[in-house]
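Just so you know, the protein sequences line up as chains A and B, in that order. Read in order, the letters of the first sequence correspond to residues 1 to 244 in our numbering. Read in order, the letters of the second sequence correspond to residues 245 to 663 in our numbering.
Among the clues, some could well be false.
[Said to hold, decoys possible] Chain A stretches covered by chain B per the calculated footprint, using a threshold of three residues with CB under 8 Å from any CB of chain B: (1) 20-32; (2) 129-142.
[Unchecked claim] No more than 20 Å apart at the CA atoms, straight line, and that leaves these computed lysine to any residue pairs for SDA-like: (3) 253/B with 161/A; (4) 253/B with 103/A; (5) 253/B with 158/A; (6) 491/B with 335/B; (7) 253/B with 48/A.
[Unchecked claim] Restraint ranges, calculated between C-beta atoms of paired labels, are given here: (8) 637/B with 134/A: 25 to 31 Å; (9) 648/B with 153/A: 48 to 54 Å; (10) 623/B with 134/A: 25 to 31 Å; (11) 656/B with 223/A: 57 to 63 Å; (12) 51/A with 540/B: 30 to 36 Å; (13) 257/B with 51/A: 41 to 47 Å; (14) 25/A with 637/B: 35 to 41 Å; (15) 656/B with 235/A: 56 to 62 Å; (16) 637/B with 137/A: 56 to 62 Å; (17) 19/A with 257/B: 35 to 41 Å; (18) 79/A with 601/B: 55 to 61 Å; (19) 52/A with 648/B: 41 to 47 Å.
Please keep in mind that the hints were generated in silico from the structure rather than gathered at the bench. From the three backbone atoms N, C-alpha and C, an ideal C-beta is built for every residue, glycine too.
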Amino acid sequence: MTGSSAIQADAIPAIAIGGLRFRWRPDRPWVLDIPTFTLAGSERLFLAGPSGSGKSTLLALIAGIHRATEGQIAVLGADLTALSGSARDRFRADRLGVIFQMFNLLPYLSVLENVTLPCRFSAARRARAIAIAGSVSAEARRLLAHLGLDDPGLEGRAAAELSVGQQQRVAAARALIGRPALIVADEPTSALDADRRLDFVQLLRGECESAGAALLFVGHDRSLASHFDRVVELPALNAAPSVG
Amino acid sequence: MAILTLAGKSLWNRRLTSALVVFAIALSVILLLGVERLRTQARASFANTLSGADLIVGARGGPINLLLYSVFRIGDPTNNVNWTSYRTLAAHPQVAWTVPLSLGDSHRGFRVLGTSRAYFEHYRHGRNQPLRLAEGREFEGVFDAVLGAAVADRLGYRLDESIVIAHGAGEVSFALHDDKPFRVVGILARTGTPVDQTVHVSLEGIEAIHADWRGGAPVPGLRLSAEQVRQLDLTPKTITAFLVGLKSKTAIFRMQREINEFAAEPLLAILPGLTLQQLWDLMGLAENALLIVSGLVVLVGLTVMLAALLTGLNERRREMAILRAVGARPGQIFALVLGESLALALAGAALGVLLLQGALLLAGPMLQARLGLAIAGWPPSSHELILLAAVLGCGFLAGLFPAWRAYRYSVADGMTIRI
Numbered sequence: 001m002t003g004s005s006a007i008q009a010d011a012i013p014a015i016a017i018g019g020l021r022f023r024w025r026p027d028r029p030w031v032l033d034i035p036t037f038t039l040a041g042s043e044r045l046f047l048a049g050p051s052g053s054g055k056s057t058l059l060a061l062i063a064g065i066h067r068a069t070e071g072q073i074a075v076l077g078a079d080l081t082a083l084s085g086s087a088r089d090r091f092r093a094d095r096l097g098v099i100f101q102m103f104n105l106l107p108y109l110s111v112l113e114n115v116t117l118p119c120r121f122s123a124a125r126r127a128r129a130i131a132i133a134g135s136v137s138a139e140a141r142r143l144l145a146h147l148g149l150d151d152p153g154l155e156g157r158a159a160a161e162l163s164v165g166q167q168q169r170v171a172a173a174r175a176l177i178g179r180p181a182l183i184v185a186d187e188p189t190s191a192l193d194a195d196r197r198l199d200f201v202q203l204l205r206g207e208c209e210s211a212g213a214a215l216l217f218v219g220h221d222r223s224l225a226s227h228f229d230r231v232v233e234l235p236a237l238n239a240a241p242s243v244g
Numbered sequence: 245m246a247i248l249t250l251a252g253k254s255l256w257n258r259r260l261t262s263a264l265v266v267f268a269i270a271l272s273v274i275l276l277l278g279v280e281r282l283r284t285q286a287r288a289s290f291a292n293t294l295s296g297a298d299l300i301v302g303a304r305g306g307p308i309n310l311l312l313y314s315v316f317r318i319g320d321p322t323n324n325v326n327w328t329s330y331r332t333l334a335a336h337p338q339v340a341w342t343v344p345l346s347l348g349d350s351h352r353g354f355r356v357l358g359t360s361r362a363y364f365e366h367y368r369h370g371r372n373q374p375l376r377l378a379e380g381r382e383f384e385g386v387f388d389a390v391l392g393a394a395v396a397d398r399l400g401y402r403l404d405e406s407i408v409i410a411h412g413a414g415e416v417s418f419a420l421h422d423d424k425p426f427r428v429v430g431i432l433a434r435t436g437t438p439v440d441q442t443v444h445v446s447l448e449g450i451e452a453i454h455a456d457w458r459g460g461a462p463v464p465g466l467r468l469s470a471e472q473v474r475q476l477d478l479t480p481k482t483i484t485a486f487l488v489g490l491k492s493k494t495a496i497f498r499m500q501r502e503i504n505e506f507a508a509e510p511l512l513a514i515l516p517g518l519t520l521q522q523l524w525d526l527m528g529l530a531e532n533a534l535l536i537v538s539g540l541v542v543l544v545g546l547t548v549m550l551a552a553l554l555t556g557l558n559e560r561r562r563e564m565a566i567l568r569a570v571g572a573r574p575g576q577i578f579a580l581v582l583g584e585s586l587a588l589a590l591a592g593a594a595l596g597v598l599l600l601q602g603a604l605l606l607a608g609p610m611l612q613a614r615l616g617l618a619i620a621g622w623p624p625s626s627h628e629l630i631l632l633a634a635v636l637g638c639g640f641l642a643g644l645f646p647a648w649r650a651y652r653y654s655v656a657d658g659m660t661i662r663i
């Protein structure tokens, strides 16, 4: 990524939230009430929140799965409240990489096919992957190698045959392919054992840095927090009464 | 496009279940198309059999019965026609030709037909094709026989073979005309009609083997040798029925009425095409019942598919969440599951058509030889294509339900992974 676009990316916040409120139905209590929250363009942030603090709902709003009931939410400069459902789906396909806690991979695809999956849904990411490495699978191999998965026998194997740690690294490669500007990771280390957690966080952080992507890392293991630019407590952020 | 590849890989991942579903649909398609093909080909086969005669005349009784025993060799005649009545009508100024038919004997399960040489001249099958001899000649002598193609084939008969005719139409008969054997002088070319299953002899031959019989049994103490019989007057006293060709088609209905009002004895004249139509009207009910049953079997096949897809769906909610996370729209999730249904239905229909085709290729010669039924193979008729389209349409409709379920799941779950 060139210097000027890095500056430009820095200039536009990855996430800008103002007066955001969300509830499932008008007769239900508020789940989220976030007066203000900002994630800078290339910031790596640790969002700490116990379950029930509205973490999943917040991620769904940022990813454009759900729409805010009130207030503003802009991701990478796009006002998600103004976009239609399918436009938000397209936006997510083009601009976001998502890593889940576990079960990230489609069991019927090979490792390589899992990594290149976002390029099936986004022409923009496909084009960027090709611009970087010459082809989508070359970029997938490059990312896998960076994440320590450069065993040539690995890429053709079924995703289900991998260990949990390997699966999470494949998921990271999938989130990173085609250079999305924001990576959202929902407790990606909770299924890993302690020494693997640190490895994974360092790898992920390093890849985001070299790609110039912002990282929103949700977790509850505060021992990892020191590896991030900033730590935010979700219960402190969310004014809505805790549900769980 | 991306979604279709995924649907294919997802089905391949569950290939055992998918194969079973495809097989179930294929079986139901085989039944549906098989019933349909048997129905249309049986009709075509019957229609091919009766061309030629303008009227068929027999003793008064049911018109369908007359048609069945005179042309299709099914069932037995109820009564006979007097030879004098036959001669009178054959001499009618409107009549161009007649073919007498005398039934009642058999040879090893095949019907023996006593007739005149007019039979070889006037009988038509298929698209107005005359009978053709594959080997030998028409019968001339009293004890000459001309075999249908299937008779010669099945029994392995050649020319000059000596055959014994049995009294009655059963496969096994205890009353044999074994003192007066016939000689095979000709073998007819295959026609795909009941002619193939018939042994043809002259009316005189039929008369000769019954010369020392009275009332369906040999007369005790009276035994005439073949040589003695030849000296007798072998003009038959009765025949079973006769085919009539008219000089002018416009006279058909007038002639029919005239024969039906024949004073000397009660006769029945039928128009073969019209009576065949009556037969089909009668059969229509059974055919429709068969079609409905096979249609229901297709529904069973599609229900199997529905069950398989719905069972898989709950454990695939995780997969839906992953797809949503990488940017799949709910509509694409819908398309994924619907695409799987369509692929299964399509594969099932294709396999069904192929298996049916293979079965017909294998069983075709057997059906032809045993039933005289020529079942044409490729290509499927337009009606069959409509049935196939209906199967795929039903597959599409059945697929809407799991697709809609998956759509609802994917909207409700979003990226949340439910386990």
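Could you check the structure against the hints above and give me the numbers of any it violates, in ascending order? 1, 2, 7, 8, 9, 10, 11, 12, 13, 15, 16, 17, 19
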